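Engineer: Sequence:
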Amino acid sequence: MCALVNNVYCVGRNYQLHAAELGNAVPEEPMIFLKPSHAVVPLDGSVLKLPLDRGSLHFEGELVIQLAEDYSPGMTVDELVKTMALGIDFTLRDVQTVIKEKGHPWTAAKAFKSSAPLTPSITFPGTAKLAATDFTVLKNGDEVQRGNVKDMIFSLQRIIDYIGEFYGLGKGDLIFTGTPAGVGPTESGDVFELFWGDIRLGRCEIG
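Quick note on the working numbering: the sequence shown kicks off at 1 and runs consecutively.
Everything labelled a hint here was simulated from the structure, so no lab data went into it.
Just so you know, not all the hints are guaranteed correct.
[To be verified] Straight-line Cα separation of at most 25 Å, BS3-like style, residue types lysine-lysine; simulated pairs:
1) 171 x 82
2) 82 x 129
3) 129 x 171
4) 113 x 100
5) 49 x 113
6) 113 x 171
7) 139 x 150
8) 129 x 150
9) 49 x 139
10) 150 x 82
11) 139 x 113
[Unchecked claim] If you anchor each label on the Cβ, the simulated ranges turn out as follows:
12) 185 x 17: 11 to 21 Å
13) 185 x 74: 41 to 51 Å
14) 74 x 140: 44 to 54 Å
15) 25 x 189: 31 to 41 Å
16) 27 x 134: 19 to 29 Å
17) 107 x 198: 29 to 39 Å
18) 148 x 120: 13 to 23 Å
19) 17 x 132: 18 to 28 Å
Computed from a prediction, not measured in an experiment: that's the story for all the values here.
We put the beta carbon where it would ideally sit given N, CA and C, even for glycine.
Let the hints inform the model, and build the full structure from the sequences given.
Structural biologist: Written out as structure tokens, the structure is:
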């Protein structure tokens with residue numbers, strides 16, 4: 001991804017099986033939340049220091065796109081996106097459960113420092129070719145998540161148009177596009193590897 005990161009948009013519950021595994025209803029329109037730019041750190045083999053003392057911490061692997069141009073209505077994904085990466089939306093699940101029950105924003109559970117590690121970028125292959133490749137998350141050598149854009153509830157175009165209309169989208173903005181089923185707890189010493197097809201894009205260890 002380019003050095004400039006402005007807004008970090010995230011899409012919640014964008015895979016049906018993930019919504020089901022957490023007992024959540026499937027949304028009728030994209031569910032959008034934000035992380036600060038300080039949440040984005042390199043997923044480059046380094047040790048990530050995360051708040052493991054705040055209850056259950058879950059990993060959520062995701063396809064991440066970055067806008068290369070400012071959004072205007074009618075622009076296509078292929079016009080706007082030139083690079084992509086894989087990332088992890090780390091979530092304080094116990095904290096999220098409490099604040100959801102109280103009707104509070106998700107910030108405390110989703111927006112802490114280093115909660116959005118991101119692999120180095122690769123060239124966006126275009127929407128026509130994107131579904132030909134799965135992305136996977138390995139935890140301690142075992143595959144725990146496998147996703148593909150064809151299984152998303154809301155397409156990349158729908159997500160971009162929705163965010164662009166209601167929030168605005170500009171050059172440098174990131175979109176975490178949602179996580180497939182298989183999310184689970186994270187502990188100190190866990191090693192995560194993120195693959196695009198057979199290519200490992202990033203690795204990290206939890207400290």
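Engineer: With reference to the structure, classify each hint as holding or not holding.
Structural biologist: Going through the hints against the structure:
no.	hint	in the structure
1	171 x 82	holds, 11 Å
2	82 x 129	holds, 13 Å
3	129 x 171	holds, 23 Å
4	113 x 100	holds, 21 Å
5	49 x 113	holds, 9 Å
6	113 x 171	holds, 23 Å
7	139 x 150	holds, 24 Å
8	129 x 150	holds, 11 Å
9	49 x 139	holds, 17 Å
10	150 x 82	holds, 19 Å
11	139 x 113	holds, 21 Å
12	185 x 17: 11 to 21 Å	holds, 18 Å
13	185 x 74: 41 to 51 Å	holds, 43 Å
14	74 x 140: 44 to 54 Å	holds, 45 Å
15	25 x 189: 31 to 41 Å	holds, 35 Å
16	27 x 134: 19 to 29 Å	holds, 23 Å
17	107 x 198: 29 to 39 Å	holds, 37 Å
18	148 x 120: 13 to 23 Å	holds, 21 Å
19	17 x 132: 18 to 28 Å	holds, 21 Å
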